[in-house]
Structures are given as C-alpha cells and as structure tokens.
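Student: Chains as they are written, first to last, in the numbering used here: chain D, 4 to 524; chain A, 0 to 504.
Careful, some of the hints might be misleading.
Unchecked claim - Below 20 angstroms or equal to it, Euclidean Cα-Cα: the simulated PhoX-like pairs (lysine-lysine) are:
| hint | chain 1 | residue 1 | chain 2 | residue 2 |
| --- | --- | --- | --- | --- |
| 1 | A | Lys242 | D | Lys319 |
| 2 | A | Lys242 | A | Lys252 |
| 3 | A | Lys240 | A | Lys252 |
| 4 | A | Lys252 | D | Lys319 |
No wet-lab data here; the hints were simulated from the structure.
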Amino acid sequence: MTDSEYNNLTAEQQYQVINKILGTIYQGMPVDEFFNVSSGLSSPQVQFTDGLRNIRTALRTDMDTAARTAIDSAIVGLDSEGNEDPDLALYFFDEDRPRSLPLARIHEYPVSRDAFVNWMAYFLTNTIMFSPALEMESTAIINAQNTFRRLAIGMQDGLTVRQLVAQQLPTLDRWRVSRSAQNHALEAYELYLGLFDTEEDSREGGIACGDLYLTDEDEGYQLARTDFPNTVPQYILDDVYEVTTCDDFHAVIAGHPLLLPRVTEVIINYLMDGRTISDRLQMVESITASGADTFEEIFAGIIFSREYLMNTERPKSYEEAMMHMLSTLKWDVRHNRDQVDDAIFDRMTSNVNSTIYLGNAGWDSMALKIGRTPFVPMDALSFSNYHKAVREELLREEQAYVGNMVTVTREDGNGGTENVQMVAEGLVNGDDGQGNVELLQHIADLSPQEYVDLLFLTALARRATATEMTDLIDFLDNVADHLVDNNGTLVVRNGRHDDIAQEVLDYISRLPEFYYSRAVS
Amino acid sequence: MGAGAALALPSLTMQSLLNPAYAVPAYNELTFAAPAVLPQVINVFLYGGASELAGNLTNIVDIDANSQNPYPNTLVDRANAAPGAGVTANGFWQAAGGDALEFMLTGGGGAVNPYMSIYRTIVKRKNTTRSHRDSIFMGQKGSLDVDNTPGVGTRLATMMYLNRAAIQATTVTAEGVAVPSVETMLFPFISFEGETTFFASDPMNPLPLRMRGLTLDEAFDNPYTRNEDANGPMLNAIVDKMKATYQSSRFEKAINGFTLRDELEARIGNLQNANAQPLPVIDQIPDQTDDFDGTRLQYPNNGFADRIRAAVTLAIENPTTVFIAVGTDGLGGWDDHNNGFDRYPNRMTDLFTTLRAASKHIKYSGTQTANVAATPGGVVRTTDNIVINVYGDFGRLVNRNNSNGWDHANNMNLYTFGGTTVAGMNGNRTMGKVIGTTMRQGNSGQNNQFTMPTTSSYEAEPLSIASTTYRYFGAQNPQVLTQDDMDNPNGDPAIDESVASEAIL
Chain D
4 MTDSEYNNLT AEQQYQVINK ILGTIYQGMP VDEFFNVSSG LSSPQVQFTD GLRNIRTALR
64 TDMDTAARTA IDSAIVGLDS EGNEDPDLAL YFFDEDRPRS LPLARIHEYP VSRDAFVNWM
124 AYFLTNTIMF SPALEMESTA IINAQNTFRR LAIGMQDGLT VRQLVAQQLP TLDRWRVSRS
184 AQNHALEAYE LYLGLFDTEE DSREGGIACG DLYLTDEDEG YQLARTDFPN TVPQYILDDV
244 YEVTTCDDFH AVIAGHPLLL PRVTEVIINY LMDGRTISDR LQMVESITAS GADTFEEIFA
304 GIIFSREYLM NTERPKSYEE AMMHMLSTLK WDVRHNRDQV DDAIFDRMTS NVNSTIYLGN
364 AGWDSMALKI GRTPFVPMDA LSFSNYHKAV REELLREEQA YVGNMVTVTR EDGNGGTENV
424 QMVAEGLVNG DDGQGNVELL QHIADLSPQE YVDLLFLTAL ARRATATEMT DLIDFLDNVA
484 DHLVDNNGTL VVRNGRHDDI AQEVLDYISR LPEFYYSRAV S
Chain A
0 MGAGAALALP SLTMQSLLNP AYAVPAYNEL TFAAPAVLPQ VINVFLYGGA SELAGNLTNI
60 VDIDANSQNP YPNTLVDRAN AAPGAGVTAN GFWQAAGGDA LEFMLTGGGG AVNPYMSIYR
120 TIVKRKNTTR SHRDSIFMGQ KGSLDVDNTP GVGTRLATMM YLNRAAIQAT TVTAEGVAVP
180 SVETMLFPFI SFEGETTFFA SDPMNPLPLR MRGLTLDEAF DNPYTRNEDA NGPMLNAIVD
240 KMKATYQSSR FEKAINGFTL RDELEARIGN LQNANAQPLP VIDQIPDQTD DFDGTRLQYP
300 NNGFADRIRA AVTLAIENPT TVFIAVGTDG LGGWDDHNNG FDRYPNRMTD LFTTLRAASK
360 HIKYSGTQTA NVAATPGGVV RTTDNIVINV YGDFGRLVNR NNSNGWDHAN NMNLYTFGGT
420 TVAGMNGNRT MGKVIGTTMR QGNSGQNNQF TMPTTSSYEA EPLSIASTTY RYFGAQNPQV
480 LTQDDMDNPN GDPAIDESVA SEAIL
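Looking at chain A on its own, in the form it has when it is part of the complex (with noise of 0.2 angstroms):
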C-alpha cells in the first residue's frame, strides 16, 4: 500500500473563500426584453438521477449485447414482445411509463395538440463528477460553481427584481393584467419539496423577502394559524418592541419565519379552497382514454400525483406564481444502484401518467380550450404558458450491474411539458418532439457503458436548463447567469428552440 495522500480537504479548504469573488452571477452583463406575457415554470427534479432508459430505449440491442448482465428479451426483441411489455414506436420503455410518453409525444395519434417533447441528449462534459451532492448543487443552481453561490430561483428571481421596471411596464399575466411591482408579487417562489437547494440565497444580491422561496405542502396544510387568544396582539406589541433592539441580522432566519407565517395565515385558506374543487371536465376523446372518471379528470392515487395536483393548481389559480420547486416525494428516489428492475418501471409509470394528468389539468383549466370559461378557482387566464421541466442529477450507466441496477453516469433525459407560448430561444417552445441521438460506448462486460450523443446530435450542458428558464423570462443571453470565471466562462446557452426533431413514428 502506498503512502498517505497529502492532506487537503476538498471541500473545505482556503480556496473556497475565494469562491465568491468568482461566482456572483454577472447580472450587469445580462441583456433583457420582459415577456409579454409572465411565464410559470414548475420544475419537477428526480432526486438520485433518473435512468434515461424509460425514455430512450433506441440504443437497447447494443446495451444488452454489452452489459455485465442480460435485459429482459421482451426490451431487446421487439417484434416478440408481448403487448405492452415492449418499447413504443419512439423508443420509449412500454413498461416505465412509455405508453404514457408516447402519447404525450404525439398526442393520441395526432388527435390532440402534443404536450411533451424529450431531448435525449442533456449531457456532463464540463464537468464529470458523478457525485449526488456536487451535480444536484449544479443542477439546482445552475452553476458548475457549487459553494457560496445562489440557486437557480434565487438568480430568477434577482433578475427579475433588477429589470422590474421593464417587467412592470410590459409584462401582463396570464389573466391579462399587467404584472405588479414583482416585490409584492403573492407567491411568486414556491417550494413543495421543503427547503431547497433551488432556492439558495445570494448574499450580494438580498432579495425581498416575498422574492425569496416559500415553502408549501400538497395539501396546503396550515400550520401557520396560531392558536389565539385575545391577548395574542398585545403580546406581539410586546415582541415588536423586542425584536427592535435586536442587532441587525440577528434572528434573521426566525423572523422571516414569522413574517411568512403571518403572511400564508392570512393567504393559505385560497388555496385550500382551490385545491378542493372539482377537477376539470374532461371533453376531447383522445383524452378521455385515461386519467379520467368518465366526466372529470382524474390524478392517479400517490403522494407524488397530490404534490403535483397542488403544484399546478397554485400555477393556474395564481397566475403570478413563476418558479415552482417540486420533488418526487411519494415516489421514492431515482438511484437505482439496485433492484431496478422491480422498481424503475413502476416508478417511471407513476411519473408520467401523474405528468399527463397534469398536462391536461392545465389544458382544460386555461380559456384557450373551448368551453372552458374559468378555473375552478373562478380566474379567467390562459394556461399555454405554464412549463413543467422534469430532470435529475445526473443519468446512469445503462450497463446492468450485479445487484441489478445502473450506477451513476453522465447523459440524462430532459422531459419537458407545456408552455407553447412561451418565447425561448429562436422560437416559441414547441412540444412532440424528440431532440438528441446517442449512442453506447464503454467497454463490453465491464460497469461504465454509458450513452452519449452521437457525433451529428444536439446537446447541450444540464445548465443550459437553467439558461432556458432565465430565457423565458426575459433574458437574451442568459449563459452569463450560469457562468463563472474558475470553471466555466462562458457559461452555457438556453436549449435552442428551432433544432428540428428527430421523425416522429
């Protein structure tokens, strides 16, 4: 055995303090033109790193003849499959979910408008690391630069705030009406999977406190009502005098905890009252197939499908809600390491008929769908500008590992939803498309086959997920917002709109 390494700690060491005089995103570089109409993200991120295989099964003949250990036949003989076992016309997994995909991607056959389109080619070049901790931090803030820098809402947000007068002066919401002063925006930055990485602070840039991440659950649950009596407010009067000979900081986190509180008290019961009306009427048959009570639409029954019927019931009753935050709680994790087989799939299933559930609750609560007069909540809005993004850490290895799992790897799916009309770069979003080629490489029999983009395919850095997002909401070259001086200085670009897609079958 060889001598001790040399003693550094990597994630701890002097270096890091220089960190933020690298990493302030360059705001003062960026260029903006406000939207005309507020866009709503909801970002459904798949903690652990989500195998690409559900959604990209075109390189499956070559993984099987390759990996440690065989696939079923069912995924690598298509013509013998069994129904529904098998992989759909556009190489999505039949049994994880791709009957679900496939009709998104094509909308029943071309019946009804598509809702999603997947780029197949989201892809860890800059920087490789397969570490969880290291590529969620990069993954929600968008930024190769994970210490000491301010997530992806959080850069949002402080974009938005320093070019709010052109916000204001042209941006409406989806209601029509023109955005107000976006500090006193009601919601604006909502969390559903607790405190979050999405929402981390930028101590150069505070924000107000309304701009920052708020926290909610899916059932708008209301733990921010006191137990009162009459002498509460005398009390507090008392608290008030208090907090007042407080040095400035001290207690911060706390009293913008209470500040909150007070604030979702007052507010919170909306939205419990949103929530518990009525679905939509669903009334175009391509999508009564599925999802559907024989009327209304119907979520599958998990905890992940009430996380997200909460989280687009907030987007469509508050149309100035603009990032949500969504975990997959009530699924289980996406780190396959081992058993894949018996839990992906299920899983996978659940993702995304939960997701078609939601794509249409959105459709049919929007007046762009005939005979849709209101939401359930009585707002009368559009809803093609609300996007759902759905990524993870990293993707996996495709080769099948000895405890029947796929370990971590670079080349991951984007599954992206809705939002057509929503500018992004070189044109408006576009949904049934499939963007992005690979291929397999690795050695044969070993544990590091992986997919990457074939050499004529698109790609682009999991931060250009990022970009895309700041580019929805006004800026012309967001890549400054992911970049930074260290590690990557040119940062990277918003997924580009006008690439063509791959035939559809």
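Chain D extracted, bound-state conformation (with noise of 0.2 angstroms):
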C-alpha cells in the first residue's frame, strides 16, 4: 500500500490499517493515541499525517540501545549489579522464560525495529521451517533458546534468509528434530525447499551426512560422528548437485533457487490464509520478484501490502486477539490481577493449567514438529477455549485492567461541575498506573455514545452501527441502568464507566468478527 492511498482512506479506514498491521505483529494502537478525543469522538482529528510511513519508518528503526537495556532490565528484574533479581522482575517467568520472554518484549517494547525482530523471530519458530518441536523426547527448552536468539540476532544484524538457514542447519538444535542423516536430508528437503517426494534424494543426502549422527538419551542427545565421513560422491535433486559431506549437502539447500520461494509461500500461507491459491501464489510471485531475501522484507512486504490490507480476511490468532487488546486497552502489568498477571506470558505459552494457555486453543508455542498449522485451529474445542480466555480473562473481567479510583469533574447540566468517580482503567491509564487524568476528563465528558464508540474502536478499530447504538444505549439505560438523565441528556452514572465498559466489551467478545482479523476494504 501506498502513503497516498492511505492518506486517501477514511479517518477510521487509517486507523484500521494501522491496527491490522500492528495486531498482526501483536501490538496495537489506543484510541487516543490516534484520534484526538479532547472535543469528543463525534469527528475527531487524527492526530498525525502520514500514518502508514510513520509506522514502517518506525519499523525499520532500531529502538536506542539504553531504552531497550532499560525494558529489557526491567522485564526480569536486574538489579544496579546486573543480577536479576524476581522482586524486581516486571513478569514471572519459569524454566521456559525462552518461550515466554519474546511475548514480554514484543509487548513492551514501542513500535521498532526490535519488536518486530522479537515477532519475526518467535513467529518462525512456530513454523515448520524453525520450529524447535518441543514436544518431541529429544528437543529440551535450551534448543527453542538457540533457535529463536540465533534468529533474532541475525535478523537484528541483517542476515539473508539463506545465511540464517545455513546457520540452522548444522546445528544441534535442528538435528534433535530430524535426529537421523537421512531424515535430517529429507527434512531438509520439505522445509526449506517445499520438495515431499525424495525417496532418492533423502538417502544421497543421508549417506552424504552419515558421518554424523544423534547420540542416544543416555548419552544425552548429542550430535556425535562416525569418524568414517562418506568420500563417494552423491548427486542429488534430479543429479544436479554433487555432495559428498554434510556442508556440502547443507550448501545446496541454502543456496537453491528454491528457498526464498518457498520461505515465503510459508509465511503468506499463514498471513493469507483465507486467500485463493491463486491469490496466495501471485504474493508469492511478487515478493521473491522484488527481491527480498531477508526475512525482514519479506513479511514487511507482505504485511504493508495493499492486498494483505484492504482484501485478507482471516481467524486471528490467539496472540492476535490477545495481545493487541492489551496494547490498546492499555493494559499494564504492574496491575497484576487474576489470570491477566505478571505471569500472563507464562500463563500463555507454557502454563497447561491456565485458562489463557494456547495450547487450549489448540496453538501450542514453539512445541509442533511441524510448526503451528497455516490457519488458526477454530474448531469447537478450540474455539470455546480462546473465546472463554479473552472473553472471561480480559474482556469481561475488568480486574485485568482497572486501576485506581480517581475524581475528576464534569458539567452537570446547570450551569455548574459536579464530581465524578473515574476507574483509572487501562485504557486512560497513566504510566504510573494512578491514570491519565486529562484523558479521564475527556472521557468523563464523553456521551454515552460517544463512550460506546470508543470501546468498539478500542476492540473492533469500527464505531457502533446504528443498529448496535441503539439497542446497546437501550440496554445500558434502562435494563443494567448505568446510564442517568442529567437535565433532559442521557449521561453516564457516577462511577459507571468500569460497568458499561465490561457490558460492551462482553457484547464484542460475542461478535464473531472480533476473532476475525479483517479486510479494511
């Protein structure tokens, strides 16, 4: 998409644009940081130009060193002597902090350079392609470590998508996974080069590794040689390449014409889902026709692109929906309630107990062999359990998300002010988590219209139709009664904006297109 064609949309198009690409990588952006809500949200001014190029600078821009050292200090918990220290931490992490930690980070860390490494990363590691397959006897948390901090560094660094798969291959991490020379050739084969038929080719590339081999549990899962390295020549992929070691073999697949290609195909099979095959294989065609070859232009070329915007509609996933709501409901983990706590990543990616873990949802973290699947699992069982953890654990449960009380004052309808009791919830809280009080005023002078239409704005990037304002004012008025009238104008109860919040955010976690990540168009 164009700077011009967005500048062309809708105040409300542009700030559904910029929130597809910002849930996308699970961020997300708050009302007010987009619309100026000072004078109410009947036609409120963007607050910026150029929306779109803001984002994709900010997302080439390396956040400073200092900032990101402070975020990432605090996250854990490092004291004045570098010792970290779980008091201090901002989050509780466990034994598989390298699951959880990335989602931390993506959260924390502004819109940069460095959040959307921390998504590159952790998105293909839940991927066929990186995938440190937790569930399988010989993979151990310390090889999904590797993995993801091997990618993420080279991304940060700006490592071609063949060196970083030239990095993979030999390593230990991925040997764990296909455990055998001729399976690791096979694999290597379907992963990066998208190649299912290799009966031959797999045992020419097996015999070429031979010489290496996975220990057994015993011996702790070693990649170990038989010190008999193979000196026969294979020929391998129609008898087009010649190899006779591993690297040789490991040569071959970094450097076939096939990879970008089939890279990218991965990633747009993810993002695109939904999409005709047709449709999916010109982005194909037109990515790897532009050249990109690192991962950073392929998913910003897929991600800004006009048809990935405006024309792809897809289930979100669990980290979508997730994760953007906390961005734009302003949710702060110093709050730390229920299930929505400081172990809420924890509690995502490896806490089997919890209500909010993704495996319920049928989408487990860096723990499928074979990578997540292509398209997000919304079968009745999985279903059930992300709707009832967004719903029940954020949502409706305005504890995750509250903060003090705090009285601010607004006009009664004579001519005078009158006191008002504001929740600081998240979404005007402040950073000291006390609340925003100038945005609370603005809010507590806001209609209960206009206060419904931020709420949807916040959960949906759409206002209310005239259907939903209806029936929802209705409702709030005369059936849960959090709305009064102050001289002849509906305004909303003393110390009721926390309620009405929860019975509109209830509605939208009912609507199914709030699971849907959808076409702007």
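These two chains come separately, so use the hints to put the complex back together.
Tutor: As structure tokens, then:
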C-alpha cells in the first residue's frame, strides 16, 4: 500500500489499517493515541499525518540501546549489579522463559525494529521451518532458546534468509528434530525447499551426512561423528548437485533457487489464510520478484501490501487477539490481577493448567514439530477455549485492566460542575498506573454514545453500527441502569464507566468478527 | 556443483489450481446399500509412522543379518531368549506389546473370542513418498491427491448425507432404534485430536454443521460453558441482529464455533457423567489376567489410555457417533529415527495394553455379553458394531541406523479390532486373523532395507483402509471415493474380508 493510498482512506479506515499492521505483530494503537479525543469522538481529528509511513519507518528503526536495555532489565528485574531479582521483575518467568520472554518484549517494546524482529523470530519458531519441536523427547528448552536467539540476532544484524538457513541446518537444535542422517536430508528438502517426494534424494543426502548421528537419551542426545565421513560423491535433486559431505549438502539447500519462494510461501500461508491459491501464488511471485532476501523484507512486503491490508480476512491468532487488546486497552502488568497478571505470558505459552494457555486453543508455542497449522484452529474445542480465555480473563474481567479510583469533574447540566468517580481503567491509565487524569477528564465528558464508540474502536477498530448503538444504549439505560438523565441529557452514572466497559466488551466478545483480522475494504 | 534447478514451487503451483476439477469424490458413481446396523469406527492414527516390527518379526533373522547395526540377540535367537524378551508364537515383539497382541489375536489360547486381526502388508506402491505431510494427508484424506481434497470423515459424512433416505429407511442403531435423519444425529463425527485432516472440508459438497467434525477432549472438559449473567441473552439478541447483516460466509468459522459451543454447552454434561461411571465388571476368566482390578476393568495409567477410554465411552453411550479420530498424544510420536530401542518397545506396550483394555471395555458394555444389561450410562445395546482401526503415515525401514532408529519406508501394519457384526467386502469382519507375509529387501549393510509382501501374499494400499470404512457404511464400490483422475483413476478397493489367515500358532 502506498502512502497516498493510505492518506486517501477515511480516518476510521486509517485507524483500521494501522491496527491491522500492529495487531499482526501483537501490538496495537489505543484510540486516544490515534485520534484527538479532547473534543469528543463525533468527528475527531487524527493526531498525525502519514500514519502508514510513520509505522513503516518505526518498524525499520532500531531502538536506542539504552532504552532497550532499560526495558529488558525491567522485564526480568536486573538489579544495579546486573543480577536478576524476581522481586524487581515486571514479569514472572519459570524455566520455560525462552517461550514467554519474546512475548513480554514484544508487548513492552515500543513500535520499533526490535519489536518487529522479536515478533518475526517468534513467528518463525512456530513454523515448520524453525520449530524447536519441544513436544519431542529429544529436544529441550535450550533448543528453543538457541533457535530463537539465532534468528533474532541474525535478523537484527541483517542476515539474509540463506544465511540464517545455513546457520540453522548444522546445529544440534536442528539435529535433535531430524535425528538421523537420512531424515536430516529429507526434512531439509521439505522444510526449506518444499519438496515432498525425495525418496532417493533423501537416501543420498543421508549418505552425505552419514558421518553424523544423534546419540541416545543416555548419552544426552548429542551430535556425534562416526569418524568415517562419506567419500563417494552423491548426486541429488535430479542429479544437478554433487554432494559428498553434509557441509556440501547444507550449502545446496541454503543456496537453492527454491529456498526463497518456499520460505515466502510458508509465511504467506499463515498471513493470507483464506485467500485463494491463485492469490497466494501471486503474492509469492510478487515478493520473490521484488528481490526480497531477508525475512524482514518478506514479512514487511506482505504486511504492508494492499492485498493484505485491504482484502485479506482471516481468523486472528490467539496472540493477535489477546495482545492487541492488551495494547489498545493500555493494560499494564503492574495491575497484576487474576490470570492476566505478571505471569500472563508464562501462562499463555507453558502453563497447561491456565485458562489462557495457548495449547488449549490448539495453538501451542514452539511445541509442534511441523509448526502451527497455517490456519488458526477454529474447531469447537479450540474456539471455545479461545473465546472463553479472551472473554472471561480479559474483556469481561474488568479487574484485568482497572487501576485506582480517580475523581474528575464534569458539567452538571445546570451550568455548574460535579465530581465524578472514574476508575483508572487501563484504557485511560497513565504510566504510573494511577490514571491519566487529562484523558480521564476527556472520557468523563464523552456522551454515552461516544463512550460506546470509544470501546468499539478500542476492540474492533470500528464504531458501533446504528442498530448496535440504539440497542446497546437502550440496554445500558433501561436494563443495566448505567445511564441517567442529567437535565434532559443522558449521561453515564457516576462510577459506571468500568461497568459499561465490561458490558460492551462482553457484547463484542460474542461477535464473530472480533476473532477476525478484517479486510479494511 | 551443478547449475541451479528450474524454479518451480511444487507445493503451490498453477497446476494445483486445477486439482479441484480432478479430486472431487465421485459420489455420483457410488452404489449404496444402507447397513442394517449403524457401524461405529474409532480411528487411531499413529503420527510419525510406526515401525512394523512390534507386529511383525517374521523376517528378523534376515533383517539382523543385513542391518548396518545388529538387533538384540533376544529377538534373533528365539530359542535362547529370556522370558518376555523375545518373539511370540505369531511373530510379535514381546517387549513391544507383543504379549498383548498375542492375547488379542488368539483370545488367550482360544478361551475367549479373539479381539484383533492384523494386516502386515499395507504397502504404498502407487505413491511412494516418504514425506510425513503427504503421507498423513493421503491416509487421512483417503486420496493420493492431497491438495484441496476432503478428509475421510468428510467423505463418509457426505456419502451418508447424500444417501440419508436409504439410511433412515433401513438402518437401526446398536440400540435397535431407527437412525434419525442423519443431519440431526448427535455427535456423529468427533475428533479427540483437535482440528484434524480427517475432517478437512469439501467446498464442493457443504455439509450440515452437525455432520462436520466436532472436537472433544479426553476429560469431556467443558470450556463450552460461558460464565453468564442475566444480561447475556439481551446481548446475544443484539449479536444475532448483527450477524444477520454479515455478508454470506463472512466470519463463518467463528459463527460455526459459536453455534457448536452453544450445542455442546447443553450436552457435554451427559458425557461427563457417563465417563465418571465405574468401568464394566469383567466376569470371564481369560480376560481377568490383565487390565483388571479384581472386579472391574482397569485401563493403564497414561494420557493415551484416558483418550481411548473417552472415545470408547462416547461410542458406547452414544450409538449415533459413527466416526471418531484419535491421535496418540500421551504416548509420544512414532517417528523413531533415533533411540528406538529405548523408546519404541515401551510405547508400543502402552499402546497395545490400552487397546486390549479398550476391547474389553467395548465387549463388557454390550448386551451380547452374558450378564450385561446396559452400558454404565444406561444405554441398552450391543457393541459388536464398534470397530477400532490402528495405522499411521507409513512404515519404516528395518535397518537399524546409526542413531539406533529406523528411517521412513512404505510397508506398515493395520491392527483392527472388534466389529464382528459389521459387513465388509465379501463377508463380515473376522477377528483372529494374520493377513500378509513379508520378505526383506535392500542392499546389505545400507540404510535402505525394508520389507515388502512376498509374491503370493495379499496386500492393500493404505487408501484401502478408507475404502473399507466407506464399505462398512454402505458403499458397495467404495474405490470410487478414493479415485482421482490424475493420480489414481481406479481408486483402491476395500480390504477383502474373505482372505484366509496365515496359520495361527
């Protein structure tokens, strides 16, 4: 999408575009950061011009090292001497930290290249190409950590896809998944070239790699050598390539012309689920024709494309739904309530007993050898867990995002003012967790209709339809009794903003569209 | 190093766009005769591709003599094997569930009816890919065309839906009551393995929502209940208005998810209750040797056993559940490239002891067994219409590789249990049979040795397992549901039930 195409969209569409991009990478832009809400939400001004260009630039810009270090230190609780102190840590981690730390960083980092790199590495470690396959007996959490860090550091340093694949292939992390020489070759063809009928080529690749083997459990699943390397040239892939050693074999895979189309295809199958094969093929061809040779270029090429933003509609992944809402609701880990507390990302990635555990929705993290399915599981069990977690632990659980009570004033309808108790919801929370009083004041001044729209924009990036507005206002007024007539004007009852948020977000959690990354067009 | 290969993307090509034209199952070519009693099939898929060796050590001496690395002497030298560590009379690996297999094949020396038959020559000849992805898709879609094609469960559901009038007119459930209209059957197609390829959809033949795959877990856990207050129905009413404004098929997956959530919320409690009931009393002596707490049946203690128990409970308590897909989560995968001699035998033992308990669970829940009046949930029915099939992606090489495992190959076993009143091709299912003989092939000392059927042996393609399932439910020429014009124009027939067994020792 070009900047001019973006600038020609309506303000609400622009907000949808920005949040589709940020939602994809598990972030989000709150309403008040995009719109100026100081004079209400009837026809608010966009806070900045060239929003698309700003986001694009931000995702290309590295964070200041000191700023990043400060966030990283806060996340794990580094004391003045650089030692980790759990009491100082913003988040709780257990031994599975390599699975949950990336999510904490993505959430805490500002929109930046660093956040993008962490997201890309997390995304890739959940695909068949780089999954550490934690469900397997031969793998351990250190393999997930190594694979993730190798990707993240490499991408941060600008390594190409070919370089990253060349790095990954000979590692113990890869061998603990492939486990035998012949299967190492077979999986290399499948994962990185998309070749699935390689019986003879796998046998020959296995001979080239035959000097290497994985030891048994008793010996710690180490990569060992027979000391009898192959010396007979093998001819693979229609006898086009000659390989004698496993290094030769790895070089063929990393240098093969199918590598970049295959890698692009795998990514597109996730991001453009629901589009026709023809559409996806066109996108693969478009990306590869552009000369993209880094993951950064491939991901950005897809995410910023007009086809993705305007015309692609697919179920949101669990992280997209959950973490996007954390951002737009301005959830703060310091609230530390219920399931959505400082252990939130640990619960999501590795706590099998938690309601918000990703595996309950068929969306395990780094734990599937063949990667996550290229579509979000929406079968009855997975979807019910997904819906239940997002609804009950975040949207309907006001404790997940409320802070302290704050008193502001508003017009009383008689020319004077009255004090209003406002909960410092995450939505209007300040950095100190005590509430952004200026914003709270603006929200106190919103009409009930504007407040409902604020909640809709926060969760769905759209306003309520006329029917929804009529029915919800009727419900909030006559059933829930959250509104009151204030000298001829319907206003929110004192102290009821959080109750209204709970009801309206409950309604939104029941809408099928909430679970979709929608086509802006 | 040679020049680069031509640029083409095999898994996503313009050719694949043409596939739907070839791959639509040929329901219009099907000859259908509704079964008298509605069968029920539990399909256990061994992800990763299990080695055949647990169920077939008949070639072990030759295999050992040609393997890169030797096999344990206890398997090769039968005469001197320690008790329990060798090979059973019918060629099973004792330490890899062989004793359980032997019991289920022979019925404890003939004292009870056998529970199992084994087919040792399910061999991929038409498409010899050793890729997990393609092989799983072929097995679970019942088609060599793995792109854009529906799953076995979906094909079965579509066949039943298209022939629903004949089923309603002819077929009764195991309770002896007429099958209701198939689109309103309760829990007909169930997965205990999450979203599965067995229920991959068929856009050309959309099914009523209830006939699409539904997922449950082994505890019949209930995420379907919504923490609701009195305002919920009012909010739902607004949601319904909104949904009516969506363009067709927009947000369809979430809409269906909500619909099924509602339905399960209302019905899951009955299944939870049934699963909490005591297991059946075991009153026949040969069956009391194992899986027995002194009075009642007892399953092994592992996650897979919990899942199979739930699947069996669902089948016996709900006679209109016709197809259940179960993976082997809780045991681990079967992709034993390494460390096979440490892991595989124990995993196979867990698998087959669990299936032995499941077979008894089915048997002692049905009124065909003396003294059984009803299921624990109070359903009065026979249970000899319940079939369990066990197979996987493919087989494995029989060479012991340098990582102490086995790489991929194309001959595997089908273990099939129960269902002795179910009609197959050329007769009813019969338990207690060993079908197929094998020989080793491949160059000595290299990692490409495998078994293949002997020249006189019966053999079947993996797709025949799908055809056999269709046959149970009334397809007289089920091969048409596995055919596709490009890769498999004739399809694959159902397994022939009339083939005689090898001699049982």
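Student: Each hint needs a verdict: does it hold in this structure or not?
Tutor: Verification of the supplied hints:
1. For the hint linking A:Lys242 to D:Lys319, the alpha-carbon distance of about 18 angstroms falls within 20 angstroms, and the restraint holds.
2. Between the alpha carbons of A:Lys242 and A:Lys252 the distance comes to roughly 13 angstroms, so the proposed pair stays at or under 20 angstroms and holds.
3. This hinted pair checks out: A:Lys240 and A:Lys252 have alpha carbons roughly 18 angstroms apart, not beyond 20 angstroms.
4. Proximity of A:Lys252 to D:Lys319 is assessed by CA-CA distance (about 11 angstroms); at most 20 angstroms being required, the pair is judged to hold.
The earlier numbered hints are all upheld by this structure, with none contradicted.
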